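Residues per chain, in single letters:
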Amino acid sequence: MTVVAVIGVGNPFRRDDGVGLEVVRRAAERLPDGVPVVEVDGEPARLLDAWTGADAAVVVDAVRSDASAGTVHRFEIRPGSEAFPPWRPGTSSHGAGLAAAVGLGQALDRVPPHLVVLGVEGQTFSPGPGLTQAVAAVIDDVAQRVLSEVRAMKDADVPQ
Amino acid sequence: MTHRAPTSRTMKVDALARVEGEGAMHVEIRDGAVADVQLRIYEPPRFFEAFLRGRRFTEPPDITARICGICPVAYQMSACEAIEDACGVEVGGPLRDLRRLLYCGEWIESHTLHIYMLHAPDFLGYDGAIEMAADHRAVVEDGLALKKIGNELLETLGGRAIHPVNVRVGGFYRVPTRRELAPLRDRLLRGRDLALATVRWVGGFDFPDLEHGHELVALRRPDEYAVIGGRIHSSRGLDIGAAEFDEHVLEEHVARSTALHAHLLERGNYLVGPQARFGLNFDQLSAGARDAAGEIGLGPESRNPFRSIVIRAVEVVQACEEAIAIIEGYEPPDRPAIDVEPVAGVGHGVTEAPRGLLYHRYEIDADGMIVDARIVPPTSQNQPTIEHDLFHFVEGHLDLPDDELGHRCEQVIRNHDPCISCATHFLDVTVDRA
Numbered sequence: 016m017t018v019v020a021v022i023g024v025g026n027p028f029r030r031d032d033g034v035g036l037e038v039v040r041r042a043a044e045r046l047p048d049g050v051p052v053v054e055v056d057g058e059p060a061r062l063l064d065a066w067t068g069a070d071a072a073v074v075v076d077a078v079r080s081d082a083s084a085g086t087v088h089r090f091e092i093r094p095g096s097e098a099f100p101p102w103r104p105g106t107s108s109h110g111a112g113l114a115a116a117v118g119l120g121q122a123l124d125r126v127p128p129h130l131v132v133l134g135v136e137g138q139t140f141s142p143g144p145g146l147t148q149a150v151a152a153v154i155d156d157v158a159q160r161v162l163s164e165v166r167a168m169k170d171a172d173v174p175q
Numbered sequence: 460m461t462h463r464a465p466t467s468r469t470m471k472v473d474a475l476a477r478v479e480g481e482g483a484m485h486v487e488i489r490d491g492a493v494a495d496v497q498l499r500i501y502e503p504p505r506f507f508e509a510f511l512r513g514r515r516f517t518e519p520p521d522i523t524a525r526i527c528g529i530c531p532v533a534y535q536m537s538a539c540e541a542i543e544d545a546c547g548v549e550v551g552g553p554l555r556d557l558r559r560l561l562y563c564g565e566w567i568e569s570h571t572l573h574i575y576m577l578h579a580p581d582f583l584g585y586d587g588a589i590e591m592a593a594d595h596r597a598v599v600e601d602g603l604a605l606k607k608i609g610n611e612l613l614e615t616l617g618g619r620a621i622h623p624v625n626v627r628v629g630g631f632y633r634v635p636t637r638r639e640l641a642p643l644r645d646r647l648l649r650g651r652d653l654a655l656a657t658v659r660w661v662g663g664f665d666f667p668d669l670e671h672g673h674e675l676v677a678l679r680r681p682d683e684y685a686v687i688g689g690r691i692h693s694s695r696g697l698d699i700g701a702a703e704f705d706e707h708v709l710e711e712h713v714a715r716s717t718a719l720h721a722h723l724l725e726r727g728n729y730l731v732g733p734q735a736r737f738g739l740n741f742d743q744l745s746a747g748a749r750d751a752a753g754e755i756g757l758g759p760e761s762r763n764p765f766r767s768i769v770i771r772a773v774e775v776v777q778a779c780e781e782a783i784a785i786i787e788g789y790e791p792p793d794r795p796a797i798d799v800e801p802v803a804g805v806g807h808g809v810t811e812a813p814r815g816l817l818y819h820r821y822e823i824d825a826d827g828m829i830v831d832a833r834i835v836p837p838t839s840q841n842q843p844t845i846e847h848d849l850f851h852f853v854e855g856h857l858d859l860p861d862d863e864l865g866h867r868c869e870q871v872i873r874n875h876d877p878c879i880s881c882a883t884h885f886l887d888v889t890v891d892r893a
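From first to last, the protein sequence lines are chains Z and C. If you read the first sequence in the numbering used here, its first letter stands for residue 16, the second for the next number, and so on. If you read the second sequence in the numbering used here, its first letter stands for residue 460, the second for the next number, and so on.
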């Protein structure tokens, strides 16, 4: 049976950076039994631990590009696929995130065979709690997409 | 091919990599001599001291833990020590042992992160840990496993690995049972083996030549390798209590930095952190830590800042052994905390964060409201010293081309594991030879 993990990444005290956590909490209410939901701050080693042992994982994180707030970006990593999209790398270890975790995981052969990342475009990442309206408005839709991804992973014959 | 570096140049790194937080470095070379070296800290100041005013005396452990995601325990411990000092309370016995155990978890996690993810790639010629991991997979896996053992200690005692929630003035909200700690002992035995392997690995690196003469400053206690409390000692005879810190350490604002620069009055710059602790308290290391240092020929006289990576590894052995001993001797206290009633006055607290001495001072009123707060993190104390190391390193390596010199300078900074986020009340590198 395909082991799937759902992982929310973010810091709830940096406004829209917390959207990944909110989405997986919402999705958890409707996920089938046996699908662990893990919340992490984005520190690469903890992210690696969160998905190690899973055949597939759905990761929800906030992203910042030039898209409008609430836009959902989908990235998929399978064996032999290209490196992770060139998200702007941070320089501080305080800000090392998902891209570093995927890079480190690929070097250590510790990325699940199937990884889907749903990146939700944030509007503000300033200190403080609470999502902006445009981002909070898409939580339900993104949670629904998590459920669909998990269902597809469960149904798929994942190459081992 | 011969390379001849120009006699005047400016070198700048606008965003230093693999440091905790954001800062920059600027080096000016004029007529073949170093004219100026600046470590610039541009993270915005965070005003923690100001918003502690008017809060309850019980709040600093949770509020100041938020200053850093990597060393929250250090902030919690210095805060508790200071508040308890103000209120005339001393936390001893098993509660103090549990605080040391929690602190061991932070040392293991923070030091291991710095050794494997931030510092080792410098010595092996990689741009970062990811590039290093591709060629040194087993070593990096061991490092991650060791770091995780530190995490587990934090989770068990602190309630979670980042910003632990179980620490309070007077002790803890809940203390673990012997049964809950028992599995950690086995994990720490594995951790000690991994830490010993780490000492042998980093002990074999090539270390650039650089000797410093900084005054070493660290806590010292008669009974242990000091981490919580004790007197502030130095390699040149300073011997003061926490309450005298204010009278001896002057912090000043410099335009290039949102972190204050600290100096010892009439003595100048000084060094806190692993090399200072190791130099001053070598005789108090655990047997395994001392043997590990001896095996690779590292003694208390070590003054090459590049060797700090080895000292950090020895301190991880120390933390594992200390944690094992605490767990083996643990008898749960009757109550998870002792009662602390507010007393109007001033309290001082000093503990050894992974990066060095961390000082807190609080003034509270009779109702337990905080009137004034002062926090002096290790990186502000080390900032002038790091610039000193940079100056001398650049002076000795003027023949290096800009990119090589810039890279080496970043390494000089990383030797001190600066936590810029903590220090802003900081990295980019620039070399100016024009």
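Everything labelled a hint here was simulated from the structure, so no lab data went into it. Bear in mind that the values here come from a model prediction, so they are computed numbers and not experimental data. Glycine residues also receive a C-beta, built at the ideal position from the N, C-alpha and C atoms. Honestly, I wouldn't trust all of these hints.
To be verified - Here are some chain C residues pointing at chain Z (derived, C-beta under 7 Å): (1) I621; (2) V624; (3) R627.
Unchecked claim - Selected chain Z positions facing chain C (in silico; Cβ < 7 Å): (4) V53; (5) D56; (6) A60; (7) L119; (8) P144; (9) G145.
Query - Numbers of the earlier hints that this structure fails to satisfy, in rising order - result: 2, 3, 4, 8 and 9
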